[in-house]
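Please build the complete structure, drawing on both the sequences and the hints.
Listed below are the residues making up each chain.
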Amino acid sequence: MNSKLFAFVLLTISAAGLHPVEAGDVSVIIKNFDYSPMELSIAAGTTVVWKNLDGEPHTIASVDGMFRSPALDQNDSYSFTFNRPGVFKYICSIHPKMKAVITVK
Amino acid sequence: MTDTSRRDALKCLGVGAGTLFTLSGGVFSAFDMAEARIEEVGTPLFLQISDTHIGFNKDANPDVIGTLNGTIDAINALPQQPAFALHTGDVTHLSKAGEFDTASQLLSRLRVSELHVVPGEHDVTDGPGAEFFARFGKPSGNRGYYSFDAKGVHFIALVNVMNFKPNGLGALGEDQLNWLKGDLSGRSASQPIVVFAHMPLWTIYEPWGWGTGEGEEIASLLRRFGSVTVLNGHIHQIVQKVEGNILFHTARSTAYPQPVAGGAPGPGPLLVPPAQLPGMLGVTVAVADKKRRLSLTDTTLA
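Line by line, the protein sequences give chains A and B. Taking our numbering, the leading residue of the first sequence gets 3, the next gets one more, and so forth. Taking our numbering, the leading residue of the second sequence gets 19, the next gets one more, and so forth.
Calculated directly from the structure, the hints in this document are not laboratory data. There's no promise every hint is true.
As the list claims (entries may be wrong) - Covered stretches of chain A (in silico footprint by chain B; criterion: 3 or more residues with CB under 8 Å from a CB of chain B, positions within the stretch not fixed):
1) 49 to 62
2) 72 to 80
3) 92 to 98
Said to hold, decoys possible - Straight-line alpha carbon distances no greater than 20 Å define the calculated EDC-like cross-link-like pairs of lysine to aspartate or glutamate that follow:
4) B:Lys259 / B:Glu224
5) A:Lys53 / B:Glu224
6) B:Lys76 / A:Asp78
Where a beta carbon is used, it is the ideal one built from N, C-alpha and C, also for glycine.
Listed below in structure tokens is the structure:
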């Protein structure tokens, strides 16, 4: 994606606000086949919102099966609220080389 | 189910743009579809369509329905229709029911009467036993992998997108690998074999997961056969390798191209000038001669 188009996409997301990140929510961006941040530490009860900025769809699938998003197209979001402490690894089920982890305290 | 209704049902599964191949003694030579004179080299045995990605609507190709229709028109215009078509996966972009419905509707226009489909990872993001299997699971008892014989050739459909190795490569898993061993066991080495699956069955580029974890084990099962053709999709471009009597070949997509291995931050859609797009999409056609040798020809929409 060229930089102009990328800027447009960012602007569109922010203007459309289809999946607003509420106060206290934590955001994870998916871009260039990576989750950012790849390691996240949050308090129990926190909602994490993932947004896919790639032109290729991605998913968020926990290794232990606790959560699994549908395929997120470009600019789609998915959220999950972590209510219990633990270490939760997840991958993209379409591109399983994409890995990240969330630690809930 | 009667043979006729089965054919009708299979026809609903569809076919897309492909590649014409010529395989002689396990070695393929590709040639331009416009120059192919199939009636002179024998009967078209089958064609391969791949990566139709119905549901994709981004800049790399805002009209994947149009390019699939163009592919189908080109196939239907062949002077002789192959007996059947293989779709090597990523029928849809997001595994949605509506995308599968559209794909089936489009593919039903093919004059080819029978379609065999293996899933791509985009077709099964909703997990096992969901949309893909509800539509294409019947020939395999919902496993996805199965085999059949046609015109003396043994065809093997494999699924390498439901299990993954930790490094991101595709995998068959133990059950399927054991089934494959059994399917090949005791089979005459003189019978031509065609294996098809979505992700490449040999490692093309590990950093992008372009390969299958058990690739070497699969190849070792196939080496004793005199003519083996391995057909894959997934990478939206033609990459070919010959190893002994085994020809490995990946097909173009009918939807959008992808970068060459390592040529971008990731294996996403490749944006090219609109005039270049038709030349990067296509299908593959396999032609058999009287000696049961196969020829593969890759053809584009240009």
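How the hints compare with the structure:
1. 49 to 62: holds (count 5)
2. 72 to 80: It holds, with 4 qualifying residues against the three required.
3. 92 to 98: holds (count 4)
4. B:Lys259 / B:Glu224: holds, 16 Å
5. A:Lys53 / B:Glu224: violated, 26 Å
6. B:Lys76 / A:Asp78: With a Cα-Cα distance of about 13 Å, the restraint between lysine 76 of chain B and aspartate 78 of chain A holds, given a limit of 20 Å.
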